[in-house]
Structures are given as C-alpha cells and as structure tokens.
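Q: Heads up: the sequence lines are chains P and A, in that order. Numbering follows our numbering, with no gaps: position 328 of the first sequence is 328. Numbering follows our numbering, with no gaps: position 15 of the second sequence is 15.
Accuracy of the hints is not assured; some may be wrong.
Claimed, not checked - In the BS3-like style, the derived pairs of lysine-lysine whose C-alpha atoms are separated by at most 25 Å in a straight line are:
# : chain 1 : residue 1 : chain 2 : residue 2
1 : P       : Lys445    : A       : Lys24
2 : P       : Lys324    : A       : Lys214
3 : A       : Lys40     : A       : Lys214
4 : P       : Lys324    : A       : Lys44
5 : P       : Lys324    : A       : Lys68
6 : P       : Lys32     : A       : Lys251
None of these hints come from the bench; they were simulated from the model. On a predicted model such as this, the values are computed, not experimentally measured, just so you know.
Here's the letter readout for the chains.
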Amino acid sequence: MFEYAPAPESRSVVEIASSYGLFIDGSFDGGKDGNVFKTVDPATEEVLAEVAAAGPEDVDRAVAAARRAFTTWSALPGSERAKYLFRIARIIQERSRELAVLESLDNGKPIRESRDVDLPLVAAHFFYYAGWADKLRYAGFGPDPRPLGVAAQVIPWNFPLLMLAWKIAPALATGNTVVLKPAETTPLSALFFADVCRQAELPAGVVNIVTGAGDTGAYLVRHPDVAKVAFTGSTEVGREIARSVAGTGKRLTLELGGKAANIVFDDAPIDQAVEGIVNGIFFNQGHVCCAGSRLLVQESVLDQVLESLKRRMATLRVGDPLDKNTDIGAINSAAQLARITELSEIGVQEGAERWSPECSLPDRGFWFAPTIFTGVTQAHRIAREEIFGPVLSVLTFRTPDEAVAKANNTPYGLSAGIWTEKGSRILAVADKLRAGVVWANTFNKFDPASPFGGYKESGYGREGGRHGLEAYLA
Amino acid sequence: MTVTASAELSDLRSFLHGLPGVDKVGVEARAAALATRSIKADSKAAAIDLAIRMVDLTTLEGADTPGKVRALCAKAIRPDPADPACPPVAAICVYPAMAPIAAAALAGSGVHLASVATAFPSGQAPLEVKLADTRDAVAAGADEIDMVISRGAFLAGDYRRVFDEIVAVKQACGDAHLKVILETGELATYDNIRRASWLAMLAGADFIKTSTGKVSVNATLPITLVMLEAVRDFRERHGRIIGVKPAGGIKTTKDAIKYLVLINETVGDEWLHPDRFRFGASSLLNDLLMQRTKLTTGHYAGPDYFTLD
C-alpha cells in the first residue's frame, strides 16, 4: 500500500488568543457579568480559548449599537457600502489560510474542505453581494427598496464562517446592520471576522458579534428593537423562534433541518454517482443540513452501487483535520457524537444492517466512522430523522414514481439529488420533488448566485442569489 | 467468465453502448480532488523511485539516430550516474527502425524494449502493413509493442474492425506484450474512452495506453481515471489484470505523483508496479532525478547535474 506520510497544515499560521470578548460597536469587551465558556478543538478536546458569554445587557448594548449605526449605514449610497464589502472579501482571501486553519481547529472539519470549499465560498459570497449593493433598484423588489433595520442572526456550528457570510453579506449590501450570534461550539472564526471588519474600517456598530449559548440567541431574537430575524439550525429551535417572533412584525427566515433523498436511477453514471453519494453524506462529516442522507437506489442496480460505494468508502481517510490528506475530520462536539451514536444504535435495533469500512479512530476527541445502513425502509427512524453525521440510510425503489413518492415522504424538503444520464428524466423528476434545491448528477455544490432554502419543516425564505436580497428589503 | 466474454463479443456494439456513462463534470472533479493530495517525506521518496521504475523512456522523432538511441538506452539503464542506488527505468520506447540498435544497447540490462508499430501514430495503413510492422519490431528484439487503434474505424462505429485488428496484432506479437494506444485526444469523449478501453481489453490488450504524444490532447488525470476504472471493472469480470499507460504531457514529479495517487485510490496497490503501470515520457525522468537528488542531499542541483540525452 502507498502510505501517505503525515502532511499537516501548520497550526501556527493563526494566532489564537487565550480569551475573547464580545464585538460590540467596533471594539471588543468582556461581557457585563463576566461569564465565559470554553471552546475546544473537537479532534483533541484541547481548550482553544475562553469566550465571553453575552448576557441580556450585552445583547441590549449590541442591538443599540446596531441601531445607531443603521442611521448612517443605510443612508450610504450602495456603491459606498459595496466598497466595504469588496474590501472584506479581499481581506478574507488574503487571510484565508489563517481562517481555514482556525475553522478546522474549532470545528473539526478537514483542512482540505475549509481551504478548498468554505473559504473560497465565503469570499465569493461577499464579492457577490458587494456587486448587488448599488443595483438594488433593479433587483425586482420595487423602485426604491429599503433596508429593514437591525438584523438578528443566529448561525450553526457546521459551517461557522460560511453561514456568517450567508447572513452578513446580503444584510450589509441592502443597508441593514447586524447582531450575529455564532454557535457556542464554534465562535472563533466569527470573532476573527470581527477583526476583518476592523481591518476593513467598517463603521462601528454595523456588525456586532455576541457569543454565547442558546439563551443568548433566544434573547437576541426576542429583542424588540430587532426588525429581522435570520436563523439557521435545527427545526426544533426554528419552531421556537417562529413562535416567539409571531405577531411582532419582525421579518423571519429559517433554514432548518433536512433528510435529503439522493436518487440513483439504473442509467446513472455509476462511478460519478458513487462519488456524489460519498460527497453527499460524508462531506463535512455529514454535518450538512442538505446532506444526501437517504440514498434511494433503483433496485436493479443496488448490488453494483453498494459494492462500488463500499470499495470507495474503504479509501476514505479519517483523522487529524489539519492533515491535508484527511477526508473526514472530527465530529463537532460530544453532544453531537452522542446523538449520532444513539440514532445509529436505533438503526441496528430496528433491523437495518450496519456497515463501516475498517478505520482506526484517534483515541482522544470526537470521532465516528463513516457508516451506511442497508435494508432501511421508510418506517425506520434512521430514514426519517436527521442524524447530522456521517451515516447514510440506503433504500430502494422500482419506478420513477416510487422514487419521487419516497423522496417526498418526509417532513423536510431542503434538497435532493438525481443521478441519471437521461436529461428528460432529470427535468421530470426535479419538477416533482418538493425540495428547495435539486442537484442533478452532482451533490452539495454551492454558489453565491444560487438561492438556497427549504420546503415544509426545512424552513422558509431563500439565501443566496437575487432571492437572498428579498429577506432584507422592504 | 468465458460465457460473459463470448456474450460480450457476440454483440460488441450493444455491450459497449451498455456500459454506464461517464459524467464529465464528475470525473474531472474527482481527478482534481485527488490531485490535491499532499505527498511528503518518505512517501515522496518511495513514489519517486517507483515512478522512475515506471518510465517508458521514449524517443519517437523523425530525427532519431543510432547515436541518440544508444545514449537514451545508457540513460535508461543508469538514470543517475552519480547514484548507483537509483533504479533503472522500465523500458525504452522507439520506432521499429531503431529497435535493433536499442536491443543491442539494452542487452542483459533488464530494461524492456518497447517499439511502436502498426503505422504509428495515425494507424492509417492496411492491416498487412501493420502486422508486418509488428513482426519486424518483435524480430528486432522488442518485447513490448505499442500499437495504435484505427480511430477512424472506431469513430465510424466499426468496432468489429478495431477489435479484429487488435486480435491480429496480438497474434503477431507472439510473446511480446501488447499495449494498445487509444489516442484518447481523438476519441474526445469519456464515454468513447471507456468503450475503447473495454474493446481493447476484450481483444487481448495487456496494457491500454492513452496517447501517441502526437496530438494536442494527450494524457490527463481524468482520462487516466476513466481507464483505471475500466481495468478495475474488467478485472472483476474477467479476472485478468490489464496495465495502464498514460503518455504525453507528463513532465514533472508533481504530475507523476498525482497519477500514483490516482492508482492508489482507484485500483489499489496491485497496479502500483511497473508491470501494471507505465509513464510514456521523456523529459519527466530528469525532473524525477532532480527531485530525488533533492530528497537525498537536501538541496537542489542545477539542470547541468543531470544528463541530457
């Protein structure tokens, strides 16, 4: 066997402070009541830094700062706002190596992905919305669309910086100001971004970052001076937010869970479909709301697909996220690992057959081997509930109608994939799938110009593209 | 297994057109992703030595002379005169007219002698001429024959003719190993490349090779990936291991290592051997030697420290 020697990206390219404060009104300060929490490297369980936990008074200050900044920021010509966004995009590109390492350390994702996927997309998002800032009148939302005010944004831990970009770039381009709360387990890249804002000389108060746990986020979205709430995360929390926002007049977009069907027809390009299956479920350790976690294979090619899939899975390299050759990194937290483990055990109890390639997992940190379940039916919990980990449920179908029926038979509706060489089938099936994003002969591809969002319990509103502007304009 | 083979042969067209398609975007993305593997330290040293042992050191020019060919043979046997631990290359690859010279120069060295034949590079000649070309090369001492398929016949859909020609050339080869050049740059689509790979394997090829090096698109990573998938699937169906030879355009150590990674993660270590994988190249060798010296001595030597042939 051709063994690859360790090829670690240097950890020292990024400086991590031992403690971080809140970024409010253009400067960092400790929380009012001095509460802190620790953020760890999930690959080693080593503490990376202590971070201030924002209390109600801190959130009040942040929202007040954003309100003050809104007056001048929203009055700037779009071309002026664009300058700041272009500047931020360029600084992100220049500092992308630092950011990629930081993201992999705090999140556990492989450096290959943070370097080649997350960071390029983050910069592209800022570039894209910078381009819209002076063209809003031509975006199709009326002759003089106006910003809303202060946007409260709460983001998840799976793509910390990318979700920040999805939220902040359109908000700023349209003239809103923001208070953003990153996830408790992955606050560091957002705090780094605060420094990028300072470097770009973004006016104080336009972007505020408040770190903390769920209660910080809950307080933020309930704040009366917030005009707009944008949330990405679990359907459970999304539901709570929708309840708290109801009747307040606040605008709301929710990007929630998913249980996407990845449909492989018998005339698919099998080798590339297998790559798409792998990319669909093992990309980012399966911590992807649009992950292709339900594989629907036409029964006539099941054996062939499974054999190819298992052979391919045996080459996946699980381990040190900073190693440039790692394909699957660490699970983000002990809590998430426990959930993945629990649902996988339920899969076995319910009678599905579990398989993982041989792979040795590190002793410390949070790890889960890439896993597939075969013999899964619609009645299994692992076919219905979002696992949010590297676990794939394999189901079969006989006809295109059955594939569509099974794909749609879920409370979610975020994404889906179709694999066939037949163009007419792609169009016919895509038309019937109730999912916000449908990929054909590819999976998990993102572009700032392409709108993203869900049907049903996967949420509402669109992020990205021209559509993404609408949520921030009146 | 032979039952399957005869079924495949009875209706070549249906069989070849029934192979799963290749998605261009997907195969190129996969090759590009594998090209980001980072091969360092001991792995790199081992990869460089393996790559040297896989080189078919090639000269296929109108201007080839006995002097040029002898010099190349000397280099093939001892690529780095400064380091006796440096392995020899796999083979020398020349035109049939130069085969006797090369055979004499390589005698007893263990370096194979490959000769292109069958009206290389176009293949546009009558079958008798191609067979005579092949027999001459074998008689002159070539133990490997690099033939070209009739791309014209393939593109016209005359798969049977291409198949029969390969069978006939294989017969003319006797004990010599047969590498079948698909000239992938002229086949243009990945679907065609997959079909041509199967056609050549079914007809008895020992190796499938990408290119002559004489057209604008030669070996690429995604093309080689498609061919590796073909040999992998053929082995599963027929139990026979077919080698793969990308040729043309592979010039640097970095490139060569990307191909080794591709093998490693597509077909596995059985193909990580000069009997199963070759690089058709000329300038690649000096870059491999330069990188090899860098790893052993810790510094780069200038190009004048490596022989020009």
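Q: Now tell me if each hint is right for this structure.
A: How the hints compare with the structure:
1. P:Lys445 - A:Lys24: Holds: Lys445 of chain P and Lys24 of chain A sit about 16 Å apart, inside 25 Å.
2. P:Lys324 - A:Lys214: violated (36 Å)
3. A:Lys40 - A:Lys214: violated (33 Å)
4. P:Lys324 - A:Lys44: holds (15 Å)
5. P:Lys324 - A:Lys68: violated (43 Å)
6. P:Lys32 - A:Lys251: violated (62 Å)
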